[in-house]
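Chains as they are written, first to last, in the working numbering: chain A, 1 to 90; chain B, 1001 to 1521.
Everything labelled a hint here was simulated from the structure, so no lab data went into it. There's no promise every hint is true.
[Stated by the list, open to error] Simulated crosslink set (BS3-like; lysine-lysine; CA at most 30 Å straight-line):
1) B:K1404 / B:K1016
2) B:K1116 / B:K1477
3) B:K1468 / B:K1240
4) B:K1160 / B:K1404
5) B:K1116 / A:K81
6) B:K1230 / B:K1240
7) B:K1042 / B:K1276
8) B:K1116 / B:K1468
9) B:K1313 / B:K1404
10) B:K1313 / A:K38
11) B:K1215 / B:K1313
12) B:K1477 / A:K38
13) B:K1160 / B:K1317
14) B:K1042 / B:K1502
15) B:K1230 / A:K38
16) B:K1502 / A:K86
17) B:K1313 / B:K1160
18) B:K1477 / B:K1317
19) B:K1016 / B:K1160
20) B:K1313 / B:K1240
21) A:K81 / B:K1276
22) A:K86 / B:K1468
23) B:K1240 / B:K1116
24) B:K1313 / B:K1477
25) B:K1383 / B:K1042
26) B:K1160 / A:K86
27) A:K38 / B:K1240
28) B:K1016 / B:K1215
29) B:K1317 / B:K1116
30) A:K38 / B:K1317
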Amino acid sequence: MASSHHSLAASRWRIAIALTAIVIVIYFGFIALIAYQKEWMGSLIAPGLSVGILFGAIVIVASWLTTWFYVWWANHHYDAKLDELKREGR
Amino acid sequence: MMPPFLLQAAASSIGKPNAVAMSFFFFFIAVTLGITYWAARKTRTTEQFYAAGRSVTAGQNGFALAGDYMSAASFLGIAGLVSTTGFDGLIYSTGWLVGWPVVLFLVAEPLRNLGKYTFADVLATRLQQAPVRIAAAVGTLSTVIFYLIAQMVGGGSLIKLMFGLSYETAVVIVGAAMIAYVIFGGMLATTWVQIVKAALLLGGAAALAFMVLLKFGMNPLALFAAASAKYGTGMLAPGKLVAIPLDTISLGMALMFGTAGLPHILMRFYTVPDAKAARKSVFYATGLIGFFYLLTFILGFGAMVLVGPDAIKAVDKGGNMAAPLLAEYLGGTPFLGFIAAVAFATILAVVAGLTLSGAAALSHDLWTSVVRKGQARAGEELKVARGAALVLGVIAVVLGIVFKGQNVAFMVSLAFAIAASANFPALVLSIFWRRCTTQGAVASMVAGTLGTLLLIWLSPVIQIDILKHTAAWFPLKNPAVVTIPGSFLIGIVVSLLTSDSKAVDGYDGSVRDMIDGARAA
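Isolated chain B, as found in the complex (with noise of 0.2 Å):
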């Protein structure tokens, strides 16, 4: 007889060649196709390649920040994790949503009237050019690396379950596509994708959530009840994720800080036309992220009472694909298919924007401006940019092929916890405090990158899960709780220990500029 977990997964259509998935997928490639096409009509220059052209309105902006930030992980992730576990997952839903006031209140207005393409020219209106850009570039680098790793290889493995494809195949598409995206259609491409990819995702998502509802009288507490009812009160409440505390909160400083330091989001302001209209988009962006992150809420808890833990842990041990099974119960194979389709596009558009930001950090930030010194011919910066965007992109897919079957969870929280102390404490400095001196801005970047590459090396993730030590010198599984503090402390103090006329005599007119939004109109 079968144990009954295979008969389970036997039940589930998922991981088969799936004729409506298929359909989904080749017309979201055709149609993200033909958006490029029309964009690298419209890409010529480098404002148009980086920026798209400052044409981005407030409301388009929002849709594509929401589309840029809404990952496979917090989709298929925190729906799994809600559940297979109830309670905890909503920790994830909050602590990546309470970025977002963050993000306005501290960073968007003042880096879009800054700067110009990226966070680093922030920095570099007062301090010495090189310095930070080179800094700036290393914070950026390795937060678009891992997180580009961890969406390879956790999107590779999900298209495997889901379309049946080979792993490797998932992996060279991705690449593929965005690839295609990025040197053909730049900015204007990435955006008009990853409004296509927000859209559909908060389309299905609410369909889905609609649809569980439906079978609970419309009230989610009737659903929540029949969780708890099924599977113990337990399931409403705080449970092992949160073994010890200091973790949990350090968790919190990576997701709630972290947001304000990532370059992908960041470059994300430069494509509106002012101020004005950074500071709408993240309030839509806000809105959209919100609700999708209520709508987990529905989703994960759906999952667990007409799914069932158990089934959904058969088909993937990490309990990734909740959000498929739970379509499929309730909408059949064309469901899935929807479902299936939609966590492909979501991988795609993340990973353009990531690849964007990591060639803008090459070409801009290390090639033009350090290199060059600013004097790069007319149109070469262009070429870099897009050469830059084919190596990532390369590097990308190799790196993803490399970490088959590794555990890479924690890459994502590497990225975030780099983004919330390498980039974020630098960039505060810079912009509020006029003592702030390069010396001080690139100590801050350097420890922080540096810290927490070091501290997540000896902490139990990769001690213990991965290398199997027995114990590990660091007991945290994330260092931002250590490290964000450490790098404000490192930035403060160095720039209190040396002198920087240049950027203390230039605080003044950045703050003309931070206010009249002279530099990039």
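Just chain A, with the same shape it has in the complex (with noise of 0.2 Å):
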């Protein structure tokens, strides 16, 4: 039984860890083009749109992007399995 629960826990755990890299990796991209590529970053792609902006916009819709995958992964995967396990623990 132990063994399955860490089975469990690790397949959370590799997800977890691969959806905080993935946010670490877009906002410390943005967050590196910033400081080291300003006038990149303020060049416009259309009126009033300059790569910055848009990036920024890009970095919250990303936040939101990778919480819902979470989400739907753990509601659907992790719970299921987190079910069976409880069953056979009876």
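Put the complex together from the two separate chains, hints included.
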């Protein structure tokens, strides 16, 4: 029983680490561009829309999408496995 | 002839007693005290006091988390920063949001399943009670006190600016209301104050943004284009806020990992029935907070174009009055009054959450678990918790008055840096790493707290801006880039050098509980 708990914990851990890494890369990518590529971030794609503003909005949307993906995965896959485990435990 | 900025300031009714603002304000106080009265009758046990009887739904907790988190700094501060510097303010908007995915992925569910009331409960599941609880309480109380001082001083000056009350009166009113919510209504009252505030703040900000966009054909890009036409394309590009690149990265790290170490946020996960509800509540909170930060883009640029940076700075040098001035421009004195009352509610909800989490650290972690070794008499912990809330509230008021007129902006970054460096690494190590020992966790928390305090002291913020020295020993304004990796490293090295067989043996049991949620069902 302990080992199936560990493998379930490990599957959640892998997803959690991967998603955290994605958020870190996106956000610190944004910050690094602000810090080291100021001019490019200020260049205009359309009137009123600079690269930086677009990327800022993308960071916010990416935060939504990654949390949505995690909650979707946990509600469907993780919880189903957890219910199975609890039934076996009884 | 009057200089132009005086003419501008005279044109605004900010700072004059405003009947609409006063009525909204008294209405809010009456409603929240009514909620507190209702909650007080349902708050008889420690579980009800700290965790609202675990009866809060995921949706309610999502709103309450948003209400706990969106402080006056994010509403007035970011709108002000964007309106005066343009793009730079957006660094804060994004940074304050990206902490939430981290909260969801790494801490929300393990925390809910392993603990009862405080994040120290999680550490204490397999580490030695007394040392980890004392160290965690030090981290919690440092975070809470610095955050409280910043809110009190900021709140006092804002209310003075908006209502024309004296600074001391404003601080005392905030303190009295927050003490009443927490002592009588506990977590249930605090939760509903936060929900009401979140609804008001989101509604107010959305209405304001809508009215701005009406003037630009409902097209945000037309607004940004107007800003760059009027004040230069530099407004849409990174500017002087990011003079030292490493400082920007350090600030980003504090914002990103600090959220997952804020005691008042972590405590909210104990108010829901189970880990699934905790998970869903972060999803709702992330949606609400992200929406709010997108609105700050519109409010900030709206204030820049419609009110103008000079007029904003003439009323308050820091730019904090940008959103209220924008409200006055668009909706006259009544709308200004509404937004002013919303800002007041914003401060109240945040300080109530902070006070409650500080009281829990004092009573649950220090008194019951360390002093009484878990053997407190029935009802004793609840009395101690209420006493602790009163003491913390009084301390907050006194410090708020002592720090009047001081530059306390650095205290919010200090609170985030301590949360990120003292609380977050120890929490993550103890949840995910079998070899984590009591000594390792304690060393990490102590080093995180002391290291952050020391480096902030040596930073330009204190040495140059406040003490007026010519140079600072530590070059960065925010120490997180050093202290977060540092306290992870110290926690790992000390754990590897020490042995704690109880902690290692207890890991399998804690993994099982982390999944099953057997501890505080």
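Against the structure, the hints come out as follows:
1. Note on K1404 (chain B) and K1016 (chain B): the hinted pairing holds, with a Cα-Cα distance of about 21 Å set against a maximum of 30 Å.
2. At roughly 36 Å between alpha-carbon atoms, K1116 (chain B) and K1477 (chain B) are farther apart than 30 Å, so this suggested pair is violated.
3. Taking the CA atoms of K1468 (chain B) and K1240 (chain B), the gap is about 21 Å. The hint holds against a cut of 30 Å.
4. Annotation: proposed proximity of K1160 (chain B) to K1404 (chain B) holds, straight-line Cα distance about 12 Å (limit 30 Å).
5. The suggested pairing of K1116 (chain B) with K81 (chain A) holds, with an alpha-carbon distance near 25 Å, which does not exceed 30 Å.
6. Of the supplied pair hints, the one linking K1230 (chain B) and K1240 (chain B) holds, its CA atoms being roughly 19 Å apart against a limit of 30 Å.
7. Our distance criterion of 30 Å between C-alpha atoms is met by K1042 (chain B) and K1276 (chain B), whose separation comes to about 25 Å.
8. For the hint linking K1116 (chain B) to K1468 (chain B), the alpha-carbon distance of about 46 Å lies beyond 30 Å, and the restraint is violated.
9. The suggested pairing of K1313 (chain B) with K1404 (chain B) holds, with an alpha-carbon distance near 20 Å, which does not exceed 30 Å.
10. Distance check on the hinted pair: K1313 (chain B) and K38 (chain A) sit about 26 Å apart at the alpha-carbon level, within 30 Å; holds.
11. Between the alpha carbons of K1215 (chain B) and K1313 (chain B) the distance comes to roughly 23 Å, so the proposed pair stays at or under 30 Å and holds.
12. Under the criterion of a C-alpha separation no larger than 30 Å, the hint pairing K1477 (chain B) with K38 (chain A) is consistent with the structure, at around 20 Å.
13. About 15 Å separates the Cα atoms of K1160 (chain B) and K1317 (chain B), which keeps this hinted pair within 30 Å; it holds.
14. The suggested pairing of K1042 (chain B) with K1502 (chain B) is violated, with an alpha-carbon distance near 39 Å, which exceeds 30 Å.
15. Of the supplied pair hints, the one linking K1230 (chain B) and K38 (chain A) holds, its CA atoms being roughly 21 Å apart against a limit of 30 Å.
16. The straight-line distance between the Cα atoms of K1502 (chain B) and K86 (chain A) is roughly 26 Å, inside the 30 Å bound, and the hint therefore holds.
17. For a cut-off of 30 Å, the pair hint linking K1313 (chain B) to K1160 (chain B) stands: about 16 Å separates their Cα positions.
18. Annotation: proposed proximity of K1477 (chain B) to K1317 (chain B) holds, straight-line Cα distance about 20 Å (limit 30 Å).
19. Of the pairs offered as hints, the one joining K1016 (chain B) and K1160 (chain B) holds, with about 10 Å between alpha carbons and a cut-off of 30 Å not exceeded.
20. Of the supplied pair hints, the one linking K1313 (chain B) and K1240 (chain B) holds, its CA atoms being roughly 17 Å apart against a limit of 30 Å.
21. Proximity of K81 (chain A) to K1276 (chain B) is assessed by CA-CA distance (about 14 Å); at most 30 Å being required, the pair is judged to hold.
22. Proposed proximity of K86 (chain A) and K1468 (chain B) is contradicted: the alpha carbons are some 63 Å apart, above 30 Å.
23. Distance check on the hinted pair: K1240 (chain B) and K1116 (chain B) sit about 45 Å apart at the alpha-carbon level, beyond 30 Å; violated.
24. Pair hint K1313 (chain B) plus K1477 (chain B) holds up; C-alpha atoms about 23 Å apart against a cutoff of 30 Å.
25. Distance restraint check for K1383 (chain B) and K1042 (chain B): the Cα-Cα separation of roughly 16 Å lies within the 30 Å cut-off, and the hinted pair is therefore satisfied.
26. Of the pairs offered as hints, the one joining K1160 (chain B) and K86 (chain A) is violated, with about 57 Å between alpha carbons and a cut-off of 30 Å exceeded.
27. Of the pairs offered as hints, the one joining K38 (chain A) and K1240 (chain B) holds, with about 10 Å between alpha carbons and a cut-off of 30 Å not exceeded.
28. For the suggested pair K1016 (chain B) and K1215 (chain B), the alpha carbons sit about 28 Å apart, so the restraint of at most 30 Å is met.
29. At most 30 Å may separate the alpha-carbon atoms for a hinted pair to count; K1317 (chain B) and K1116 (chain B) exceed this at roughly 44 Å.
30. Annotation: proposed proximity of K38 (chain A) to K1317 (chain B) holds, straight-line Cα distance about 26 Å (limit 30 Å).
In summary, the numbered hints that this structure violates are 2, 8, 14, 22, 23, 26, 29.
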